Amino acid sequence: MNEEKTPSKLEKILRAGHLAVTSECGPPRGSEAGHITKKAEMIRNHVDAVNITDNQTSVTRLCSLAACIHLKMMGLEPVLQMVTRDRNRIAIQSDILGAASFDIFNILCLSGDHQSFGDNPKGQNVFDLDSMQLIQTVRHMRDEGKFLGGDSIERPPRMFVGAAANPFADPFEIRVPRLAKKIAAGVEFIQTQCIYNVEKFELWLKLARERGLTEKIFILAGVTPFKSVGMAKYMKNRVPGMDVPDELVKRMSGVAKEKQPEEGLQICVETIQRLKEQKGVRGFHIMAIEWEEKVPEIVERSGLYPRPNVN
Amino acid sequence: MIVAKQKPIEEIIETLKGYNKILILGCNECVTVCEAGGKKEVAVLASALRMYFMNQGQEVKIEEATLERQCDHEYLEEIRKTVDQYDAVLSLACGVGVQFLAEKYMHTPILPGVDTCFMGVTEERGVWSERCQGCGQCILAWTAGICPVSRCAKRLLNGPCGGSSKGKCEINKEVPCAWQIIIDRLNELGRMEDYERLIPIKDWSTERAGGPRKVVREDVRS
Ligand code: SF4
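Chains as they are written, first to last, in my numbering: chain A, 1 to 311; chain B, 1001 to 1222.
These aren't lab readings, by the way, just hints derived from the structure by calculation. Every value quoted in this text rests on a predicted model; they were computed, and no experiment measured them. Positions of the beta carbon are idealized from the N, C-alpha and C atoms, including for glycine. Errors might be hidden in some of the hints.
Label-pair restraints from in silico Cβ distances [stated by the list, open to error]: (1) B:Val1033 with A:Gly98: 48 to 54 Å; (2) B:Asp1194 with A:Glu154: 36 to 42 Å; (3) B:Met1106 with A:Lys122: 31 to 37 Å; (4) A:Glu277 with B:Glu1188: 37 to 43 Å; (5) B:Ala1065 with A:Ser31: 56 to 62 Å; (6) B:Gln1099 with A:Arg29: 38 to 44 Å; (7) B:Gly1211 with A:Pro308: 51 to 57 Å.
Which bits of chain A does chain B cover? Going by a derived footprint, with three or more residues having C-beta under 8 Å, they are [stated by the list, open to error]: (8) 21-33; (9) 180-189; (10) 210-219.
Here chain A stands alone, though its shape is the one from the complex (with noise of 0.2 Å):
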């Protein structure tokens, strides 16, 4: 796992040993590009590098790639997220294509939430590829050089290959099963789901451990701090894929409501240190839902800053 393979920032805090730090940002529901430099102005000098979402939820946003420029010419390192819905394989290896042009050198490859779930429940979706074939197509463009369809490509990207996993889905027997295949696809990091029932979470990673697979890949295990009881309900009864278990439910609803903010911070800082202990997290993915500004608290109390420098 030393060997580095692209010029990412992300990647070499890893190879380093270093856990490393990722945050997300949502793009605007417009073109004001201010919205998501501002967010990224928040946390630039306490995370190593910054996921833009592509529709998350398939909503209608302003588009991940477009994102990720903005960042990259303030000088922070993008991690592209690109989902499967919504392109077919030549816009997403034109996309990549783009991305690569800019040195956007991370990608984290996802299928995306179904489009019932957004604000255009009645178009189509695409489906071409799935999330493991995305995986190997970035990694096919970038190790052989290739297109798909075979032709050579002048330059190609050069991205560090990522993909999401989700420890808390069912059925639960193949979520390590899962695992070992998007290695087998080639992935290389992985950002975890928020990760709320913790002891699910080490038992998943145990018997990923005991299969070798942490040997294998770099694992950020993913944090969203709750902002208030509400949240946690909701993230519990609404959210597909999500697993917050009552306690913490309890736990939040049991402080008066102008605590609440500090009492889900204070359940994410203690997650994270609890997690930092466990051998197979190589680092966090802190997405502070529309809560950016406490990025920078919740690194600094986790005893994650200041960053490495790398470069």
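Place chain B with the ligand on chain A using the hints.
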């Protein structure tokens, strides 16, 4: 079979506007089984329309017939002699039958009476569900006999996604997750190791993406 459902009667009436002599034409095959366009449904629809036009004070003549199939020349020919008597034919066959009729009888307006939905099964009387989308290159050998193309909302060949929850699909708690069924089957078959086989990028050119499709068998052509 091909599963269809009857169009709302208001929509049918709208498309029949201006025609005074109408043939409602059923089909004895799939649409009979899914109770959308067989002899029985033809009769029920014909009475409803007669009643409607009578109440409107309009003189519209409605006749009924049901063919063995509407997707074969042989049976469609049965109405050749009589078709010209009608201002329009309302076919209760699937979209295949409607079109074959339209291609054959150039001077008669042919209208659809059902919405053709999918290829599927009768789960129980009154409940039909999808099983196949005719992708033209069957992968069921690799997916424990359960089709992710037609039954996974994202057509994931290497699923399940992160939204699978308690056996149900992320799009709706009523929809079974295809990948949960595949995994349950693999478990039963003692073939969980098959799960880790990566299914390669699919050639979709044999599916809708490749344009209208055709199967030609030289050995059986007459
Ligand atoms: S939940 Fe299952 S059926 Fe639904 S999209 Fe995900 S993998 Fe496909």
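The hints, checked one at a time:
Distance hint for valine 1033 (chain B) and glycine 98 (chain A): a CB-CB separation of about 50 Å, consistent with the stated range 48 to 54 Å. The supplied range of 36 to 42 Å is met by aspartate 1194 (chain B) and glutamate 154 (chain A), whose beta-carbon atoms lie about 39 Å from each other. Hint check: methionine 1106 (chain B) to lysine 122 (chain A), Cβ distance near 35 Å, so the stated range 31 to 37 Å holds. At roughly 39 Å, the beta carbons of glutamate 277 (chain A) and glutamate 1188 (chain B) sit within the given window of 37 to 43 Å.
Checking the proposed 56 to 62 Å range against alanine 1065 (chain B) and serine 31 (chain A) shows it holds: the Cβ atoms sit about 59 Å from each other. Between glutamine 1099 (chain B) and arginine 29 (chain A), the C-beta spacing of about 42 Å keeps the proposed range 38 to 44 Å intact. For the pair glycine 1211 (chain B) and proline 308 (chain A), the beta carbons lie near 54 Å from each other, so the given range of 51 to 57 Å is met. Residues of the region 21-33 of chain A with a Cβ under 8 Å from some Cβ of chain B number 0, which does not satisfy the need for three, so the listed coverage is violated.
Remark: the region 180-189 of chain A is confirmed as covered by chain B, as 4 of its residues place a Cβ nearer than 8 Å to a Cβ of that chain, reaching the required three. Against chain B, the region 210-219 of chain A contributes 0 residues with a C-beta closer than 8 Å to a partner C-beta. That does not satisfy the three-residue criterion, and the hint is violated.
Hints 8, 10, counting from the list given before, are not met by this structure.
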